[in-house]
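Asks: Chains A and B, in that order, give the protein sequences. So the mapping is simple: the numbering used here equals the position in the first sequence, first residue as 1, plus 70. So the mapping is simple: the numbering used here equals the position in the second sequence, first residue as 1, plus 5.
Do not rely on the hints blindly, as some may be mistaken.
As the list claims (entries may be wrong) - Below are the SDA-like pairs computed for lysine to any residue, each with C-alpha atoms no more than 25 Å apart in a straight line:
(1) K736(A) / F149(B)
(2) K517(A) / F31(B)
(3) K519(A) / P288(B)
(4) K301(A) / S643(A)
(5) K448(A) / Q221(B)
(6) K736(A) / W777(A)
(7) K519(A) / Q221(B)
To be verified - Far from chain A, some chain B residues (derived; all Cβ distances over 12 Å):
(8) G116
(9) D127
(10) D276
Just so you know, the hints here were simulated from the structure itself, not pulled from any lab data. C-beta atoms are modelled at their ideal positions from N, C-alpha and C, and glycine is treated no differently.
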Amino acid sequence: MPFALYLKIISSILFSLFVFMHSANAELELKGQVLERGTKRPLANVNVFILPEGLKATSDRDGNFVFSNAPRGEREWILTVTGYKRVKEKFTYQGNTSDIRIFVEKNSYVDFETTVVGRREKKEAARTVLKQEEFITLPGSAGDPVRALENLPGVLQSFDANVAIQGSPPEDTKYLIEGHEIPFIFHFFGLNTVAVPETVESVEFLTAGYGPEYGRASSGIINLNLRQPRKDRSYGMAYIDFTASGGFLEGRITEDKKQSYFVGGRYSYVGEVIKFASEQIDDEEDSPPAFNTAPTYWDINLTYLNESWEKMKFRLITLASQDRVEAIVDGADNPTFSRRVFGTTRFYRVIPKLEFDFSSRSKFETSLGVGSDISEFKPGEQEFLIDNFRLSWRSNYSREVSDSYNFNIGTDFIFQDSTVETRIAQSFFSRSEINTPFEISDLIIGKQKSSELQQGYFLRNEFRFFSQSLKVQPNLRYDYFKLHNRGYLQPRLSVIYSLTEDSSLYFNSGIYVQPENSINLSEESGNPDLLPTQSNHYSIRYEHDFREGKNDGLLLTSGVFYKNLKDLIADSSELVTRDGEQVPERFSNSGKGEVKGLEALLRYQKGKTKVNFGYTYTESTRIDPLTGREFPSEQDQTHNLNLTVAYSWGNWNLSGRFRYVTGLPKTPIESGIYFENADIYLPVQGERFSERLGDFWQLDARLDRKWIYDTWILSFYLDIQNITNRENPTGIAYSFDYSERDTNMGLPILPSFGVKGEF
Amino acid sequence: MKSKLTVLMISSVLSFLLTSCNRAEFEEFSELGSLRILGVVADSPEVDGTATGTVNISLTPVISDIDGAGRTFAVTVVSCLDTGFVQSSQPSCENPTAEAYPNGGTFNTTGLAASDFTGAMDPITISINNPASLIADFSSTRRFNGVSYYVIFNLQSGSENFTFVKELVITERTPLNQNPVIDSIQFNGSAIAVGPSSAGELSMEFTPAGEPETYQEQRSDGVLESVTESYLITWFYSSGKVSPGRILTDQSSTFKPDNTTAIRLVGVVKDRRGGTAFVNLSP
Numbered sequence: 071m072p073f074a075l076y077l078k079i080i081s082s083i084l085f086s087l088f089v090f091m092h093s094a095n096a097e098l099e100l101k102g103q104v105l106e107r108g109t110k111r112p113l114a115n116v117n118v119f120i121l122p123e124g125l126k127a128t129s130d131r132d133g134n135f136v137f138s139n140a141p142r143g144e145r146e147w148i149l150t151v152t153g154y155k156r157v158k159e160k161f162t163y164q165g166n167t168s169d170i171r172i173f174v175e176k177n178s179y180v181d182f183e184t185t186v187v188g189r190r191e192k193k194e195a196a197r198t199v200l201k202q203e204e205f206i207t208l209p210g211s212a213g214d215p216v217r218a219l220e221n222l223p224g225v226l227q228s229f230d231a232n233v234a235i236q237g238s239p240p241e242d243t244k245y246l247i248e249g250h251e252i253p254f255i256f257h258f259f260g261l262n263t264v265a266v267p268e269t270v271e272s273v274e275f276l277t278a279g280y281g282p283e284y285g286r287a288s289s290g291i292i293n294l295n296l297r298q299p300r301k302d303r304s305y306g307m308a309y310i311d312f313t314a315s316g317g318f319l320e321g322r323i324t325e326d327k328k329q330s331y332f333v334g335g336r337y338s339y340v341g342e343v344i345k346f347a348s349e350q351i352d353d354e355e356d357s358p359p360a361f362n363t364a365p366t367y368w369d370i371n372l373t374y375l376n377e378s379w380e381k382m383k384f385r386l387i388t389l390a391s392q393d394r395v396e397a398i399v400d401g402a403d404n405p406t407f408s409r410r411v412f413g414t415t416r417f418y419r420v421i422p423k424l425e426f427d428f429s430s431r432s433k434f435e436t437s438l439g440v441g442s443d444i445s446e447f448k449p450g451e452q453e454f455l456i457d458n459f460r461l462s463w464r465s466n467y468s469r470e471v472s473d474s475y476n477f478n479i480g481t482d483f484i485f486q487d488s489t490v491e492t493r494i495a496q497s498f499f500s501r502s503e504i505n506t507p508f509e510i511s512d513l514i515i516g517k518q519k520s521s522e523l524q525q526g527y528f529l530r531n532e533f534r535f536f537s538q539s540l541k542v543q544p545n546l547r548y549d550y551f552k553l554h555n556r557g558y559l560q561p562r563l564s565v566i567y568s569l570t571e572d573s574s575l576y577f578n579s580g581i582y583v584q585p586e587n588s589i590n591l592s593e594e595s596g597n598p599d600l601l602p603t604q605s606n607h608y609s610i611r612y613e614h615d616f617r618e619g620k621n622d623g624l625l626l627t628s629g630v631f632y633k634n635l636k637d638l639i640a641d642s643s644e645l646v647t648r649d650g651e652q653v654p655e656r657f658s659n660s661g662k663g664e665v666k667g668l669e670a671l672l673r674y675q676k677g678k679t680k681v682n683f684g685y686t687y688t689e690s691t692r693i694d695p696l697t698g699r700e701f702p703s704e705q706d707q708t709h710n711l712n713l714t715v716a717y718s719w720g721n722w723n724l725s726g727r728f729r730y731v732t733g734l735p736k737t738p739i740e741s742g743i744y745f746e747n748a749d750i751y752l753p754v755q756g757e758r759f760s761e762r763l764g765d766f767w768q769l770d771a772r773l774d775r776k777w778i779y780d781t782w783i784l785s786f787y788l789d790i791q792n793i794t795n796r797e798n799p800t801g802i803a804y805s806f807d808y809s810e811r812d813t814n815m816g817l818p819i820l821p822s823f824g825v826k827g828e829f
Numbered sequence: 006m007k008s009k010l011t012v013l014m015i016s017s018v019l020s021f022l023l024t025s026c027n028r029a030e031f032e033e034f035s036e037l038g039s040l041r042i043l044g045v046v047a048d049s050p051e052v053d054g055t056a057t058g059t060v061n062i063s064l065t066p067v068i069s070d071i072d073g074a075g076r077t078f079a080v081t082v083v084s085c086l087d088t089g090f091v092q093s094s095q096p097s098c099e100n101p102t103a104e105a106y107p108n109g110g111t112f113n114t115t116g117l118a119a120s121d122f123t124g125a126m127d128p129i130t131i132s133i134n135n136p137a138s139l140i141a142d143f144s145s146t147r148r149f150n151g152v153s154y155y156v157i158f159n160l161q162s163g164s165e166n167f168t169f170v171k172e173l174v175i176t177e178r179t180p181l182n183q184n185p186v187i188d189s190i191q192f193n194g195s196a197i198a199v200g201p202s203s204a205g206e207l208s209m210e211f212t213p214a215g216e217p218e219t220y221q222e223q224r225s226d227g228v229l230e231s232v233t234e235s236y237l238i239t240w241f242y243s244s245g246k247v248s249p250g251r252i253l254t255d256q257s258s259t260f261k262p263d264n265t266t267a268i269r270l271v272g273v274v275k276d277r278r279g280g281t282a283f284v285n286l287s288p
C-alpha cells in the first residue's frame with residue numbers, strides 16, 4: 071500500500087474517532103416549560119437547576135426556559151418555588167432540543183394562599199365583595215357565590231329562591247350581572263345561582279347606604295362580576311353532582327393572546343330525582359305532586375375578550391337561563407291547584423362592554439345589556455304570561471383630579487317593552503301575607519302592552535383630607551321614571567375616617583327610591599296612581615384588621631344600620647272613583663315602617679384553619695295604615711347567627727356551618743268563611759304577624775378532596791345538610807276550613823356528592 | 006320585577022309542595038261529619054243588571070250535620086253589594102241589608118228528611134231593588150262581566166258559629182247564567198238512586214240543557230272572549246273514601262268502602278258562576 075493512501079486511512083479513522091468522542095460529550099440546547107401540576111398554569115421566574123453541573127435557567131412569563139448548553143446523559147432537575155413542593159427529578163437527555171414539561175405541585179389545592187394580602191383597601195362599608203377563592207371554599211354554600219352571602223351578616227335566612235337583605239322583602243333587592251339587571255339570581259328551589267360558580271370572578275353585595283352608581287332598590291343590590299377568560303393556556307372543567315352537570319372551555323383565540331374566549335353551561339336533572347322519589351311514595355293519604363315533566367333548569371355563558379388595542383378592551387358576554395316545571399297535583403282541598411301547575415321562566419342577556427384607559431388617572435367604561443325575560447305561570451285553568459324586552463345602558467367616567475379629589479360620573483338607563491297576558495286571579499299580585507284564594511279573587515283578564523324608560527344619572531365625589539385619613543363622599547343620584555312621570559333626586563353621603571392604619575370608621579346615608587312595575591300601575595290589574603316606594607338609609611360601621619398585613623389573624627367588622635320606609639305598597643279593598651267610574655283601588659301607598667339592626671362579622675385565620683362568625687340583630691316593623699298599630703314585618707328575623715369553621719390539610723378540606731335564626735313572624739288564621747260559589751273557605755286573619763314560627767337551627771358539613779395529576783385535577787365532595795336531621799319549621803298548614811293547623815317542616819338530612827375534573 | 010313575581014310564586018308553590026311536610030292528618034274535605042254547607046242553590050244565579058224594578062231570588066242552602074245529631078240553629082242573613090269583600094282579611098258586608106229567614110230565623114236539622122241530618126234547609130227569598138242603579142257607577146267592563154252581590158248566612162248553635170256566603174252576580178250580559186241540571190250519578194257506568202256499598206267508579210251526567218254553558222267575558226281592552234264553563238263536582242260521603250274528592254266535568258272518581266254498608270252520597274256540582282245543583286243519595 072502506498073504511504074499516502076495509508077496516511078489517508080489513518081487520518082479518516084482518527085477524524086471519525088475524534089468526532090465520535092466529541093459528540094459523546096457535546097453540549098446541546100434544551101427547551102422546556104415549567105407548569106403548575108394539575109392546572110397547567112405556566113409559572114414565571116422559576117429557577118431551574120441542572121445538577122451536577124449547577125446549570126441554571128429562569129422561566130419567562132410563559133413558563134418557558136432554555137439551556138443553551140445542556141449536557142447529554144443522565145442528570146437531575148431541581149426546582150424550588152415558594153408555595154410549591156420541591157422538585158428533584160432525574161432525567162436523561164439525548165436530543166438536541168426538546169419540549170420538556172416540568173410539573174410543579176402546589177402545597178395545597180384546597181386552600182387559596184396568597185403570599186401578599188396587604189391591608190384592606192378602605193372604600194365604602196356598604197359594599198362587600200366576595201371573590202371566587204372565598205365563596206368557592208366557604209362551607210355550607212356548596213361553592214355557590216350567592217348562597218355564600220348567607221354567611222355574611224345582613225342576609226336573611228330564606229326558604230325559597232330569593233335573597234332578603236337587612237329586614238326588607240326580597241322584591242326590594244335587585245340582581246345584576248356585570249351591572250345589568252336580571253329577573254332572578256337563583257334557579258328554583260334556591261339551590262344554584264344562574265351562573266356556574268367557576269365563571270364568576272366576584273359577587274358584590276350592597277347594603278344600607280350603598281353608593282350612587284346603583285339605584286331602584288330600597289334594600290340592596292347583588293351584582294355578579296364574571297371572570298375574564300384565561301389566555302395563558304386552554305382550560306376546561308366538567309362536573310357532575312346530585313343536582314346538575316356542566317362544564318366550560320376557555321382559552322386564547324390568537325397566538326398573541328389578545329383575543330380569548332369562554333364557553334360554559336350547566337343542566338340540572340334534580341327534577342328527575344324529585345320525580346323518581348315522588349313516584350316511589352305510595353301513600354294515598356298524602357298525595358305528593360306527580361310531575362308530568364320533571365323540573366329542569368339550565369344556564370349557559372359565552373364570553374369573548376379582545377385586548378388588541380393599547381388603551382381599550384372589548385368584552386362580549388352572553389348569558390341565558392331557563393327554569394321549567396309542570397306538576398299534576400291531586401289535592402282535593404284546592405281545586406285551582408288540582409290537576410296541572412305549570413311554570414317557566416327564562417331570560418338572556420347580551421352584554422357588550424368597552425373599557426378605555428385614557429391614562430393612569432382617567433378611565434371610561436360603557437356597556438349595554440340587551441335581552442328578554444319571559445315568564446309563564448299556569449295554575450290550573452288560570453294563566454299569566456310576561457314577555458319583556460329589555461335594553462339597559464351603563465356608562466362611567468372616572469378621574470383622579472388630584473391627590474385630594476377624584477370623581478366619577480355616569481348613566482344608568484333601562485328601557486323595557488312588555489307584553490303581559492293574564493287570565494289570573496287578582497290575588498296573584500297581592501302584597502298580603504295571606505292571599506285571597508285564587509278561586510274567588512277577581513279574575514284579571516287582558517293583554518297589556520307597555521313600554522317604559524327609566525333614566526338614571528349619578529355623580530360620586532371623593533374629597534380626601536389629612537393625608538387621606540379622612541375621605542368625604544358627597545354623592546348624588548337622579549332617577550326619572552316614565553311610568554310614574556316623576557323624577558327623584560337622591561343625595562347620598564359617605565364618610566370614611568381611618569383611625570389608624572388598621573382601623574376605620576364608616577358612615578353612610580342616602581335616599582333610595584324604588585319604582586313600581588307596570589302591572590301594578592296598570593288600570594286593569596293595579597293602581598295607576600301609585601308612587602314609588604322610598605327609604606332613607608343610615609349606617610355606621612367600625613372595622614379593625616388585627617392581621618397587620620399577613621394572612622393569619624383576626625378581622626373584625628361591626629356596625630349599626632337604620633332604614634326609614636315610606637310609601638310602601640299595601641293591598642287595598644277600597645273602591646275609588648277614576649274617570650267617573652267606581653273601580654277597586656287594589657293597591658295604595660299607605661304602608662310605612664322602619665328597620666334597625668346591628669351586624670358583626672369576625673374572620674379568623676390561623677394556618678390551615680379558618681373561622682367566620684356573623685351575627686345580625688334586626689328589628690323590622692311596619693305600621694298598619696288602618697289602625698296605626700306597629701307590627702313586625704314578614705322579614706323580622708330578630709337573631710341571625712352564622713358560624714363556619716374550615717380546616718385543610720394536604721388536598722383535603724373539612725368544613726362545617728352552624729346557623730341559628732329566630733322564627734319568622736306569621737299571621738294566624740282564626741277561622742274560615744265558606745264561599746259557596748268556589749266551594750272554598752276564605753281565611754279570616756288574626757292580628758297581623760302576632761305569632762312566630764319556632765326557631766331555625768341547622769348544622770351542615772362538607773368534605774372536599776382533590777387528586778392532582780400532571781395535566782388535570784380530579785375533585786370530589788360530600789356535602790351533608792342538616793346533619794342532626796332537625797325538623798325546622800318553615801310554615802303553618804291549615805285544614806280546608808282553617809279549623810285545624812299544624813307546622814310544616816323543612817328538608818331532613820340531605821346528603822349530596824359531586825365529582826369534578828379540571829384540565 | 007314582573008318576572009320576579011312569577012319566580013316567587015313558582016318557588017313558593019314548589020317549595021311548599023315538595024319540601025314541606027306536616028305531621029297531622031286533617032279532616033278530609035269530602036267526609037261528612039261536622040257541620041258542613043254543601044251548596045246554596047239559587048233559582049237564578051245571575052241578576053239582570055238592566056232591571057230597574059225589584060228582582061226576587063230564592064236561595065236554598067244544603068247542609069249536613071251528622072255529628073250534630075239534630076239541633077236548632079239561629080239563622081241570620083244579610084246581603085250587600087261587593088266593596089272588596091273577598092280582598093279583605095276580615096270579610097264583612099258594608100251597609101248590609103238584613104234579610105228575614107223563615108221560621109223566625111231558626112232552623113232545626115231534625116226536620117231534614119234524611120236520618121243523618123243531610124238535606125235542604127228552608128229557602129229564603131232575597132229582594133234586590135233596582136239592580137241597574139246598584140251597578141251604574143262601575144266600569145262598563147265590570148258591569149258586563151258582573152258585579153258581585155253577597156248573601157251572608159250565619160248559623161249559630163250554642164258557642165258554635167258557622168258563616169257561609171253565596172255570591173249572586175248582577176250583570177248586563179245576556180243570556181243570564183242557569184244552574185247545571187244533573188241527569189244522574191253514574192256508578193260503574195249505571196245510574197244509581199241510593200248510595201253505593203261496594204267499590205267502583207263514580208261520575209256525573211247532565212241533561213242536554215244542563216251541560217256547561219258557553220258565555221262571553223269582556224277583556225280590559227273591550228274585546229269579548231268566549232269561555233266555556235268547567236263544572237266543579239264535589240263528592241260528599243259518610244264513610245269510605247272517594248278519590249279524588251273533587252273533579253271537573255267528564256272526569257270520574259273511585260270509591261272504596263270501609264265495609265259493606267251503603268253510604269250517604271251527595272254529589273254537588275257548581276259552575277263557579279253561582280250555578281249549583283245537587284243529588285242527595287240515601288244509604
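Asks: Each hint should be assessed against the structure and marked as holding or not.
Replies: Hints versus structure:
| no. | hint | result |
| --- | --- | --- |
| 1 | K736(A) / F149(B) | violated, 39 Å |
| 2 | K517(A) / F31(B) | violated, 40 Å |
| 3 | K519(A) / P288(B) | violated, 57 Å |
| 4 | K301(A) / S643(A) | violated, 60 Å |
| 5 | K448(A) / Q221(B) | holds, 21 Å |
| 6 | K736(A) / W777(A) | violated, 49 Å |
| 7 | K519(A) / Q221(B) | holds, 23 Å |
| 8 | G116 | holds, 22 Å |
| 9 | D127 | holds, 17 Å |
| 10 | D276 | violated, 9 Å |
When each numbered hint is compared with the structure, violations occur for hints 1, 2, 3, 4, 6, 10.
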